[in-house]
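A.B. asks: As a plain string of letters, each chain reads:
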Amino acid sequence: MRALVYEGPYRVRVRDKPDPRIEHPDDVILRVTRAAICGSDLHLFHGMVPDTRVGTTFGHEFTGVVEEIGPSVRGVRPGDRLVVPFNISCGTCFYCERGLYGDCESTNPMNDLASGVFGYSHTTGGYDGGQAQYVRVPFADVGPMMIPDDLEDEDVLLLSDVLPTGYQAAEMGAIREGDVVAVLGCGPVGLVAARSAWLLGASRVVAVDRVEARLRFAERWAGAETIDLRRERDPISALKELKGGHGPDVVIDAVGMEASGSAWQTLIGRKLKLAPGSSIALHWAIHSVRKGGTVSIVGVYGPPANLVPIGVAMNKGLTFRMAQANVKRYMPHLLEHVRAGRLDGRGLITHRFPLEHAPDAYDLFDAKADGCVKCVLVPNA
Amino acid sequence: MDDTGRVSVAGAGIDGAPSVRPGVPRERRAPDPGAHWNRPEQQHDLTPLARSGLLHATPVFGTVAPPRALSGAVRRLAYRVPEHRSTRWALLLAGDKLDVLEHRLAAGVWLLPVAVALAAGYVGVSRALRR
Ligand SMILES: NC(=O)c1ccc[n+]([C@@H]2O[C@H](COP(=O)([O-])OP(=O)(O)OC[C@H]3O[C@@H](n4cnc5c(N)ncnc54)[C@H](O)[C@@H]3O)[C@@H](O)[C@H]2O)c1
Ligand SMILES: [Zn+2]
Ligand SMILES: [Zn+2]
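Chains A and B, in that order, are what the protein sequence lines are. The first sequence begins at 423 in the working numbering and counts up one residue at a time. The second sequence begins at 70 in the working numbering and counts up one residue at a time.
One chain only, chain A, in its complex shape (with noise of 0.2 angstroms):
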């Protein structure tokens, strides 16, 4: 089949590569209908996460149509079509049983951080992901949605990262109605945070990015007001003044680990890699929430450890909340959003490329040009 294939930082390309197989009873193969390229896939990209192997293949959001089926597959037959959640999970330990997906033990051999993800190097598991024409899809009975019939694969496929860790993200806010709610980063996941923040309740909804046709989006897609990091020097006074000088009641980092906006965390961070890159949105979040109000984090982080201030934090009382998305959880309750028009997954998506041109569409995604949100690769054309 052909796939994309990690050849080294800033470095992928699309070649031929062995089919995937059956290799556990409860394994399906899935034919790649949609895979879009997420922010995740640019700490990959840019070689920020640690044992990510030459000659694997990225890709955790995608849809496609069931070829093959395991032998103790009971729930998905050949020709069904699935949006499959980026979280590999066994639905039977003991995370899995609590809702916990993101940290199903059952797939992940590497270390105690996360479940298995697709296609994100061995530190979480070690799988292929499904920007490639085909994928294995393990645990086929417990992750994967069934697409209705009265819907199209692009109407659903954020539903396999973006959208339920974007609600998930405001969710964690424990917004209350009438609060104020900023979203540190306007990509996919920023944006579909901000909106989620109406949804529950939130009577004002700021989003911060410094790339003009993000902060449109925004305003349009998630009708959030935003502040131009362009302009705001200050970001942190300037949100600080949003509640009278309070702060607002929850901010939602949606950035993470390759955040810009300070020279030496950039330095440290990215560059010399000393920490596992910036921490910068973070920084802003914790000293811009109000007192005893709560910190969400999507935006992803790595191991060791970062410098943060969590002396601010705790002297101001904050409650601090974050995780890999659970997506599985959040996909019924979405869908139903998506088909009432409330979540337009579908509206984020900027560009299309065949599989064939994923190295433009990744240095298109990575440089932020030409208006791009979301980018969506399109296998089998």
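It is worth saying that the hints were derived from the structure and are not from the lab. Predicted model, so just to flag it, every value in this text is computed and none were measured. Some hints here could point you the wrong way.
What the hints assert, rightly or not - Keeping only pairs whose Cα atoms sit at most 30 angstroms apart, straight-line, the calculated BS3-like set for lysine-lysine is:
id : chain 1 : residue 1 : chain 2 : residue 2
1  : A       : K790      : A       : K693
2  : A       : K662      : A       : K713
3  : B       : K166      : A       : K439
4  : A       : K713      : A       : K665
5  : B       : K166      : A       : K693
6  : A       : K713      : A       : K693
7  : A       : K738      : A       : K662
8  : A       : K662      : A       : K790
9  : A       : K695      : B       : K166
10 : A       : K790      : A       : K713
11 : A       : K665      : A       : K738
12 : A       : K790      : B       : K166
Position chain B with the ligands against the provided structure of chain A, taking the given hints into account.
C.D. replies: Relative to the frame of chain A, chain B with the ligands by itself:
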């Protein structure tokens, strides 16, 4: 905002009650409806590196890129270091760099005969000219 003071975003406030939020409470106790096994069978191929501190590999894992060559040795070493130590992660990042280097070198191996031929040609020609 409209005149009632509510924001006119479609569905604003619709998930206001914690009881309708899918992730509340954070830990629910209900078995997954799709799951139908107790402990899944072990995936056949046992090549992954055992998770340090835990007794056995998970029943399912990826097998796409087993560790190989020098980068593989460094990665194996890394997984012997507990994950709470920075050394584990530094070794893994070093393994990544080596992996890229190994592949670049391997991709360049075909250059070797060409280089040898060119060098031989150069030596031959310069000898001939000296005569
Ligand atoms: N927790 C999860 O389950 C989960 C799932 C998906 C994505 N993520 C993570 O969420 C983050 C966002 O994903 P995305 O797809 O939207 O990525 P993205 O790269 O498209 O967007 C990130 C945005 O942040 C902006 N930004 C950079 N520095 C900033 C700063 N200091 N303040 C405010 N904005 C800043 C960038 O301009 C960009 O628009 C990534 O770290 C990704 O890995 C987490
Ligand atoms: Zn993603
Ligand atoms: Zn599990």
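A.B. asks: Compare the structure with each hint and give your call.
C.D. replies: Consistency of the hints with the structure:
1. K790/A to K693/A: holds, 20 angstroms
2. K662/A to K713/A: OK: K662/A and K713/A at ~11 angstroms, within 30 angstroms.
3. K166/B to K439/A: holds, 23 angstroms
4. K713/A to K665/A: holds, 12 angstroms
5. K166/B to K693/A: Between K166/B and K693/A the Cα gap is close to 15 angstroms, so the pair holds against 30 angstroms.
6. K713/A to K693/A: Measuring from Cα to Cα gives roughly 33 angstroms; hence the hint is violated.
7. K738/A to K662/A: Distance ~14 angstroms between K738/A and K662/A Cα, so the pair holds.
8. K662/A to K790/A: Holds, at about 28 angstroms.
9. K695/A to K166/B: holds, 13 angstroms
10. K790/A to K713/A: violated, 34 angstroms
11. K665/A to K738/A: holds, 16 angstroms
12. K790/A to K166/B: Answer holds: K790/A to K166/B is near 26 angstroms, not above 30 angstroms.
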